[in-house]
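One-letter residues, chain by chain:
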Amino acid sequence: MYEAVAFYLFSVLTIGLFLITVMSKNVLYAMTSLAAGMVLISGFFFILGADFLGVVQLIVYVGAIMALYSFAMMFFDATRDIKEKNTSNALVFVLGGLSALVLVLIFAAPIHSEAIQALYPMHEGVGNAQDVGIVLFTKYLVPFEVAAVMLLVAMISGIILAGKKMDLSLTEDMSADDEILTQKDEK
Amino acid sequence: MIGLSHYLIVSALIFSIGLMGVLRRRNLLMLFFATEVMLNAVNIAFAAISHYYNDLTGQMFAFFIIAIAASEVAVGLGLLIVLYKKYGSLDLDDLASMKG
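Here the protein sequences come in this chain order: L and B. Note that the first sequence covers residues 1 to 187 in our numbering. Note that the second sequence covers residues 188 to 287 in our numbering.
Think of the hints as simulated: they come from the structure by calculation, not from any bench. Ideal placement from N, C-alpha and C gives every residue a C-beta, glycine not left out.
Derived coverage of chain B by chain L (criterion: at least 3 residues anywhere in the stretch with Cβ under 8 Å from a Cβ of chain L; other residues may be distant): (1) 211-222; (2) 249-261; (3) 266-276.
Throw the hints in and build the complete structure from the sequences for me.
This is the structure we're talking about:
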């Protein structure tokens, strides 16, 4: 009962918020609704019993990724409305609807569910975080280490790409800076 | 009662919303938002399958997808800053340099 209420509430809210993300012209509105939708998606994970995944979703997506996006928004001076030339809206809706139909057909297609066996089954009476930790550090140890190296590479590349000439302003031209300097000199 | 197909249908709907955003957006930052929506939709499907088949593999793949999304954002935003310094705009129509 409660699961059904929570599921329908979360799904309606998530779909509405992501529609705002996709349709809005304002970057601030799009980013805020994206963050709210990600919080609600972690709610899905908590309903599904994947507690650790929900916590990771909250920390990584809502904490780290949205902070990065908000910094990017400040860099690009994106508080004004974005003018986009949407050439053919009808074509996009038709393509999106067709792909949604194909996806639903794929998911609704008969699958051999009896043939699927749990490779790493969950244990009764053991917490989700403990279960995840045991599987992650035994069966998936090599992909875990590779993911760690990938994050290190991403961090270094982010620093190198964004760090050049960070003392110069991105959005204002140099003459504006000169004006500020001359105003200071006059004072 | 809520079954696996409910979650899969919601996941497919969110994925197609993200796909629609990728198709209609012209600003690169908004394009990134749409890809995040698609990645989250896939994560919901993985967690739901993991729950209903009582298997932890789906959650493992969701973790790796989150790690990939984090590194994608770090590298992608660095590239966006470089592009913005070079062209002064993030609009795909302004950035198109090959006109056929």
